[in-house]
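Visitor: The hints should help you fit chain B onto chain A, whose structure is shown.
Residue numbers (the numbering used here), protein chains in the order written: chain A, 1091 to 1194; chain B, 64 to 674.
Be aware that one or more of the hints could be misleading.
[What the hints assert, rightly or not] Here are some chain A residues pointing at chain B (derived, C-beta under 7 Å):
(1) Ile-1095
(2) Lys-1106
(3) Ile-1109
(4) Arg-1115
(5) Ala-1124
(6) Cys-1132
(7) Val-1139
(8) Ala-1140
(9) Leu-1155
(10) Thr-1157
(11) Asn-1161
(12) Pro-1188
(13) Thr-1192
Please keep in mind that the hints were generated in silico from the structure rather than gathered at the bench.
By construction, the Cβ of each residue, glycine as well, lies at the ideal position given by its N, Cα and C atoms.
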Amino acid sequence: MANDIFNYCVATNTGKGFITHDDSRRFWISGYPANVWVCTDCVESRHWVARNNGTSKTKSEAQTLVTNNVNAAKTAWDDDNEEGETSAEKIARLGAKPVDITLP
Amino acid sequence: MATYREIKGTSIPYLDEDYPSSVAAEQAGQVWYNSTTGKLRAFIAYDTWATTSPLNTARRQLGTAGTQSANLAIGGGPPNIATVEEYNGNGWAAGTNINTARFLLTGAGSTTAAIAVGGRTDPGSDQDLNETWNGSAWSEAGDINTARAQLASAGASSTAVIAFGGATPSVVDVNEVWDGSSWTEVADLNTTARNLAGAGTSTAALAIAGEDPGTHAKVESWDGSSWTEINNVNTARAGLAASGTTSAGVAFGGPGTSALTELFDGTSWTETTDLNSGRDYLAGSPTGTLAAAMAVAGDAGSPNDSTHSEEFNHSILTFTPDAWASGGNINTARNFSGGAGDQDAGLLFGGNPPSGGLNVSEEYNGSAWTEGDNLNQVRYRVSGAGTQTAGLAFGGLTFPPRSIKNESEEYNGTSWTEGNNLPVATSDLAGSRCGTQTAALKVGGMATPFPTITDKCAEYDGTNWAEGGDLGTARYFMGACGAQTDALAIGGYNGSAALIGTVEEYNGTAWTAGGAAPTAWANMAAAGTVSTAAVIAGGDIPGTTDIAATYDGTSWVTFSSLNTLRHKMPGAGAQTKALVMGGDGPPGMLTATEEFSAGSTAAEAADVDFD
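Same shape as in the complex, but just chain A (with noise of 0.2 Å):
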């Protein structure tokens, strides 16, 4: 399946007005891991990419990011553990360990 109506970028969320519910309600946009945002590839989600100073990257590239962002995630939640804590207080604690992203 080609995966080309998205657009992958990497922007910093910044806060209010970073994404308009114009901006939400002219396409779609989903943030992941690492800053990393996909949007259905339209001329409104090129426009909000620029207006945030993002960085467009392709599928590949913004997968990589969140796979290694989920990664160190992984390692910090294995190796984040207190004495004598049974593995559903540890998931209480922390929540589940974080599972493998796939973007769209």
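Guide: Using the frame of chain A, we list chain B on its own:
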């Protein structure tokens, strides 16, 4: 000279203000004089394309059947595929494949009685295949007489269809009619054409544009016995799609990933709002209307097959969908916080990390968060109520060792002070916000002794906590929102391994069953009330989700998702002022917030432009 009244059958009302939106439907087409603005005014139809859920399989050169709210996407390619998907007005789901994979075919009928005709299985292998769909299976039926691809069709059912034009591979003017059992050649088109568009029925159809080999703009109208040339579309094109009838239609898309859209009023074509995503070799809604059409898949820039779907509306009503936008970022990333207030004046307190709990609270002014006074009690999985200047925090947890909290604290916009304790220490309430500082509600949760999943609720009157009505289902990590006498408890965990999707409504005395959530759901943000509408967003279903849903007091509708996957965060505000704060979106804690904007449907009068 004829008067306006003689021509139009009505005089022009003289008003000092516009007709209100509430009477737009009955005043459609009426022109009036607004003496305040000095302008002739009318409710004028707007044309909009809105992106909807994408197909699961990218494709072009497909066939479609049905309408904007019930559509079938059939085959396509290249390479040729047999995949069929069904659209229900919200999303596409896998359907039953056609028997022979092919592209450059045409479709007609509905999602329960469709037909897939002609097409190409491989380059140079044009087909006379005809398959009919009865809502559960595709069956081979009588073949068309002239095997061809790149043809068009018109027909509202699977038993009354015309198929015209196409390529064998030579471009043809052939026209055949299907009566449910066999195809019969009838009067040919006046102009040979392939990759043309069709609209209408087997007795009243339009053949729109096409190519042989160059693109043309010709349009022909079919009356059941012959084709008549009528006014051309404004832009010559092929690989386009259409919807509507011989008196009101819409044609869109075409070569060079065209986004051009033209309206037909029964006489002439007028350019209107472009597709959001220009495409050629796309498909439409063969039995759709001018008022409600659909553009499905297509080639968004060769060889970029598209999953893109868009809905077209031609209406005096302007529909503005629900949407989420970024709010100001909180200063301390965290999950399992408590929240209060709304998107103009929010309050966030407690949370995790550090493990064990956090006492930091922050205030929001509609654009930025600033540090406020800290909670007296470090805690997470805490619940909140009230506003930024009259807030309430209660319950929660510190860990390790596990210590479930019964303390409540009141915020006056400056500092937190101790209030009276909950009757029973309770945690795992994050996501809950019910009531005000003087009329709050604690809903279920994880109570002492651990692990007691409780159905107990408690009501706060500004001084003391008293027992409220018991939930029908004990639960924790649910969404809860509303007022002390108008609250919702949504989903959560009930102690079994799986999440639950049951919903309960509270009237201040007792909990009763509400409309079931769209799916089993937990750890979401919730905002609003039963009586004025509610919204939930994010959470676990069971994987972390960005899905959001609104509740109208009876049923839930999923709508545009959060911009960031997240769970374990509070929501706050009325539905129209809902605010989602922090949480964690695997794999990390978030500072991002999101603000909800409810959609609307309204008509606005506009100046009449005679140019």
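Visitor: For every hint, state whether the structure bears it out.
Guide: Tested hints:
Taken as an interface hint, A/Ile-1095 checks out: its beta carbon lies about 5 Å from the nearest beta carbon of chain B, inside 7 Å. Hint on A/Lys-1106 holds. Least Cβ distance to chain B is approximately 5 Å, under the 7 Å limit. Interface hint status for A/Ile-1109: upheld, as the beta-carbon distance to the closest one in chain B is roughly 4 Å, under 7 Å. Because the smallest distance between the Cβ of A/Arg-1115 and any Cβ of chain B comes to about 5 Å, under 7 Å, the interface hint for this residue holds.
A least Cβ separation of about 9 Å between A/Ala-1124 and chain B goes past the 7 Å threshold, and the interface hint is therefore violated. Interface hint status for A/Cys-1132: upheld, as the beta-carbon distance to the closest one in chain B is roughly 6 Å, under 7 Å. For A/Val-1139, the shortest C-beta to C-beta distance to chain B is roughly 14 Å, which exceeds 7 Å, and the interface hint is violated. Hint status for A/Ala-1140 relative to chain B: violated, with the closest Cβ pair at about 16 Å, above 7 Å.
Here the hint on A/Leu-1155 is broken, as its CB sits about 13 Å from the closest CB of chain B, past 7 Å. This hint is violated: A/Thr-1157 has a C-beta 11 Å from the nearest C-beta of chain B, more than the 7 Å allowed. A least Cβ separation of about 9 Å between A/Asn-1161 and chain B goes past the 7 Å threshold, and the interface hint is therefore violated. Nearest Cβ of chain B to the Cβ of A/Pro-1188: about 3 Å, under the 7 Å cut. The hint holds.
Hint status for A/Thr-1192 relative to chain B: violated, with the closest Cβ pair at about 12 Å, above 7 Å.
Of the numbered hints given earlier, the model fails hints 5, 7, 8, 9, 10, 11, 13; all others are met.
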